[in-house]
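Colleague: Build out the structure end to end from the sequences listed, making use of the hints.
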Amino acid sequence: MPFPMAYPVGLADLAALDFVQRWYLLAGLAGAATPILIHLLTRDRVRKVAFSTIRFFAKANRRVLRRRKLQEMILLAMRVIACALLAVAFARPFLKEAEAQTPGAFKAAAARVIVADVSGSMARPGIAEKLKAEAKSAMESLSEGSDAAALVTFADSPIVEVDLTTRFADIRSKLESLRPGDGGTNIAEAIRRADLILQQTEAKTKDIVLISDVQRTGWRYFKGGWKLSPNVKLHVRAIAPSGDRSNLAVIEADFPQSMVIERSPRLVAARIANYSDADRSELPVSLSVGGKDANTQKIDLRAGGTKVVSFRHVFDSPGDNPGVIRIHAEDAMPADNVFCFNARVIPRMKVVVLNGRPSADPLIDAAAFVALALAPTAADSPFDVSTVPASSATARDLDGALAVILADVGTVAPELAQAIAGVLQRGGGLLFLPGEEVGADAFNSLFGDMAPCRLRRIVFAQTARGEPGETVLATVDSEHPVFEVFYRPHSGDLSTPRFTRYWEVTDCQLSRVLAKFGDGSPAILQREIGGGISMMLVCPVDLRWNDLPRRAIFLPYLHQTVRYLAIRSEKRTAYQVGELLPVPKDHALRDPQGKIRGPGGDKDSLVPAVEPGFYVLRGGAGEFTFAVNRSPAEADPAAKEPNEIVAALQRAEGEQVGPADAGAVRPGRDQDDRMWWYVLLGVTLLLMGELFVGNRTLRH
Amino acid sequence: MASTGCLDFEVLARIDSMQLLAKVVVEGFILGLHRSPYRGFSVEFAEYRQYSPGDEVKHVDWKVFGKTDRYYLKQFEEETNLACNIILDASGSMGYRSKEDGLSKLKYGCYMAACLAYLTMRQRDATGLMVFDKDVRSVLPSRLRQSHLKHILSTLDNLQPGGETNIAGPLHSLAESLRRRGLVIIISDLIDDPSAVMSALQHFRFLGHDVIVFHVMDNAELTFPFNSLTEFTDLETNEKAMVSPEGMRPVYMEELRRFLESYEKGCAGVKASYKLFDTTRPLEIALSEYLYRRSKMV
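Chains as they are written, first to last, in my numbering: chain E, 7 to 706; chain L, 15 to 312.
Treat the hints as calculated values from the structure; they're not laboratory data. Some hints here could point you the wrong way.
[Unchecked claim] When the alpha-carbon atoms are kept at most 20 Å apart in a straight line, the in silico PhoX-like pairs for lysine-lysine are as follows:
#, chain 1, residue 1, chain 2, residue 2
1, E, Lys54, L, Lys113
2, E, Lys577, E, Lys609
3, L, Lys279, L, Lys289
4, E, Lys136, E, Lys180
5, E, Lys609, E, Lys591
6, E, Lys75, L, Lys254
7, E, Lys210, E, Lys233
8, L, Lys254, E, Lys54
Modeller: Here it is as structure tokens:
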């Protein structure tokens with residue numbers, strides 16, 4: 007901005023300070039007098055005592071009295087400052103950055119902010135031209151040089167294209183280049199931003215001109231509680247598309263974001279909406295995966311209705327499977343006829359079972375039940391299981407393993423231990439099944455940093471009379487992904503397995519206890535270590551310890567556990583325009599146009615998705631595809647009555663800012679100004695100091 | 015409630031007559047001693063023994079011989095004829111009492127002196143009373159007559175605190191004035207320079223007196239229980255000091271500890287007996303101390 011600083015730096019900082027809740031400030035500063043009042047009212051009243059001799063304290067007395075007075079003054083000052091700061095904190099101070107640059111010296115006869123909607127819904131035919139025309143029309147009544155104008159465009163969030171200026175060349179230039187984007191609509195936030203801009207000027211007349219299709223869905227973020235500043239007028243210029251107003255859109259879709267490679271088909275469903283006055287019949291909707299047409303269905307869709315189209319598709323290609331659901335029809339807004347998704351398929355998971363007690367007898371072998379449950383037949387299992395005796399296993403055996411199961415493994419070679427830790431570090435999972443081959447001390451020293459807890463001793467279940475007995479899993483964390491399949495009725499009873507002995511564990515404060523035995527001791531624990539997950543069932547899969555292998559829930563439990571350890575589905579593949587895509591360090595993001603958007607730096611970053619389509623992340627771990635779609639709300643052309651918006655936001659003549667909504671007229675500060683946090687921190691420190699000095703001060 | 019062991023001080027305070035008070039305390043005390051090591055201390059005890067060859071003929075009681083026609087010897091317990099001088103401090107600081115209805119140090123000292131005088135006279139010991147503040151205020155030389163006890167008790171009855179303390183000066187004067195060696199009991203709060211007081215005690219010891227120091231202090235002087243900003247006025251000098259007691263307490267207690275320690279060690283150094291009393295302690299302790307020291311002397 008061309009406006010010079012009007013104050014010296016220090017004073018300018020103070021002058022730039024304003025408060026959101028000024029009433030609190032006034033009341034609070036008055037409250038700061040309270041400590042002084044209390045001090046005066048409760049001052050020590052001198053008691054007079056005739057004493058046998060004052061020889062014992064005559065010398066030290068003056069020093070003590072002087073110190074006491076000083077401490078009292080410090081205490082009083084601290085209390086007053088704390089009260090005042092508390093008032094300041096509640097008043098929510100903020101730095102008027104814009105005003106600091108353009109302080110009250112900004113003089114203009116009239117000021118106007120043009121708020122132009124460039125959301126996805128404005129892409130309908132003819133709207134963009136109308137938008138420019140309306141904006142230019144709004145500029146015409148302003149005289150360059152004496153009046154001020156600003157241009158704000160908005161979709162999901164407002165952008166100040168040109169701040170308040172009396173020279174309109176920039177605004178005109180920007181207006182020429184206005185293009186609707188693919189973002190959502192947030193009308194209220196844009197008007198709040200415009201109101202803030204108008205607070206920079208002392209113009210006699212201030213107004214906001216909103217040029218938009220005034221989508222009803224774009225007003226849904228307004229929750230009330232604030233109004234425009236006094237003397238700010240709002241004009242809404244609603245523009246409607248010309249010609250064909252019909253619109254069909256894919257407004258929702260359900261698809262598997264990530265899965266293990268399987269031969270069975272998976273469901274892909276999409277909800278199609280018809281935002282027009284005419285019924286549509288034989289409407290073709292197609293699914294294509296990996297650029298190939300997979301299926302096409304024809305649906306009948308009545309006017310104003312929605313319908314779900316379901317496809318079943320076998321995702322048999324490992325890695326990303328970018329797919330598109332498309333409506334093959336002409337309408338006013340073809341951009342929302344397409345929905346992109348990515349079903350990420352993970353190839354067979356390599357699982358290594360380290361066997362701590364190999365034996366020819368499967369009832370004694372520590373890994374027999376586990377290996378058999380994971381891969382009954384090598385061909386059909388999603389798990390690529392290899393069982394290796396722990397005593398002879400090497401680090402190479404763990405190459406590429408997504409999960410490692412330590413079946414009754416008490417000790418391993420240091421190199422192998424390092425390799426196991428490496429599995430965790432690269433995001434894999436460990437499952438500990440400690441049994442009788444395990445010694446607590448050796449286990450704790452070797453696996454203490456990898457296991458979710460430490461082992462203490464083997465506990466034998468007992469009956470109430472102290473006789474040998476059994477215990478069961480009494481508490482299970484059903485919100486955990488491993489157990490969510492058992493949550494529904496008749497989907498497996500986790501309390502059926504009987505446990506005769508188990509390891510008592512300790513140091514599990516940092517772990518999540520997923521299941522507990524009847525006596526409350528942890529049975530299954532999980533802890534996130536590095537990028538991976540470490541889990542422990544505190545007993546082996548061994549019939550001498552429990553009857554877990556005989557129970558129906560054993561196989562689904564083990565499959566769920568290993569799936570969870572090997573691939574966790576936190577990685578999201580579907581986003582909307584305007585959301586931020588995570589770009590890890592040393593990765594690059596390529597947008598749908600093929601341009602590199604995410605710099606491959608040495609820090610993780612977030613890159614906003616600005617248009618729909620597939621964004622490909624490339625880096626050390628291979629490729630990952632994000633599917634980005636427009637906000638489905640943009641498809642709905644229903645408009646809001648402009649007068650309703652004006653009535654909701656514009657103040658009545660003479661209506662002033664009151665304490666109740668004083669904060670509301672300064673929107674956006676919540677996120678921007680954290681100064682009150684620091685003030686509160688200062689208050690806290692002061693009160694701590696007060697406590698310290700108070701304790702040392704000689705009081706009643 | 016403060017107690018003398020037999021009677022509460024509140025009860026004693028209602029006894030107008032110092033003699034009656036002393037009698038109540040001492041008789042009660044002696045009653046309590048009937049199984050104590052002091053049994054049979056009466057000096058009037060005498061016995062007869064049959065004459066045996068070698069005995070002095072002059073000790074034969076001829077009256078008994080006249081009545082019984084047998085030779086008996088008359089044996090006497092030797093009378094101690096001890097001179098006991100009670101020296102009481104009646105300076106202004108002795109007038110201090112922490113409670114309105116409590117005993118001042120001087121009153122407590124008077125009770126103690128009265129009881130001691132009553133007991134010593136009952137023991138057939140000659141008893142004197144000297145009262146001082148910055149000078150010797152009154153002197154009643156040691157006498158054995160019963161009427162003398164009345165003088166002592168009367169003096170104690172009419173005693174009022176006043177004047178600054180100068181313990182050493184009067185004690186030196188009194189030491190010079192005592193002709194017979196005996197027991198010297200000093201009752202004072204000892205608020206003076208300890209080295210000067212010790213010098214005076216040394217003076218008594220040098221002249222062959224046995225010295226007992228009863229150091230009387232008020233409980234408030236020992237605990238400094240004040241807790242709000244207080245203006246203290248020195249009872250002797252009228253000096254004033256504004257004090258924040260909570261902050262001053264550690265300083266006061268340390269100074270007091272040094273003060274008491276200097277007297278305790280100093281008395282041990284001059285082989286004087288030292289007892290610290292606060293005004294709530296039983297008087298019998300003072301009587302016991304007197305009897306103990308007396309038993310060492312006879």
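Colleague: For each hint, tell me whether it holds in the structure or not.
Modeller: Against the structure, the hints come out as follows:
1. Lys54/E x Lys113/L: holds (14 Å)
2. Lys577/E x Lys609/E: holds (19 Å)
3. Lys279/L x Lys289/L: holds (12 Å)
4. Lys136/E x Lys180/E: holds (15 Å)
5. Lys609/E x Lys591/E: holds (5 Å)
6. Lys75/E x Lys254/L: holds (19 Å)
7. Lys210/E x Lys233/E: The given pair, whose Cα atoms are some 19 Å apart, holds under the 20 Å limit.
8. Lys254/L x Lys54/E: Distance ~10 Å between Lys254/L and Lys54/E Cα, so the pair holds.
Figure legend: structure checked against the earlier numbered hints; every hint is met.
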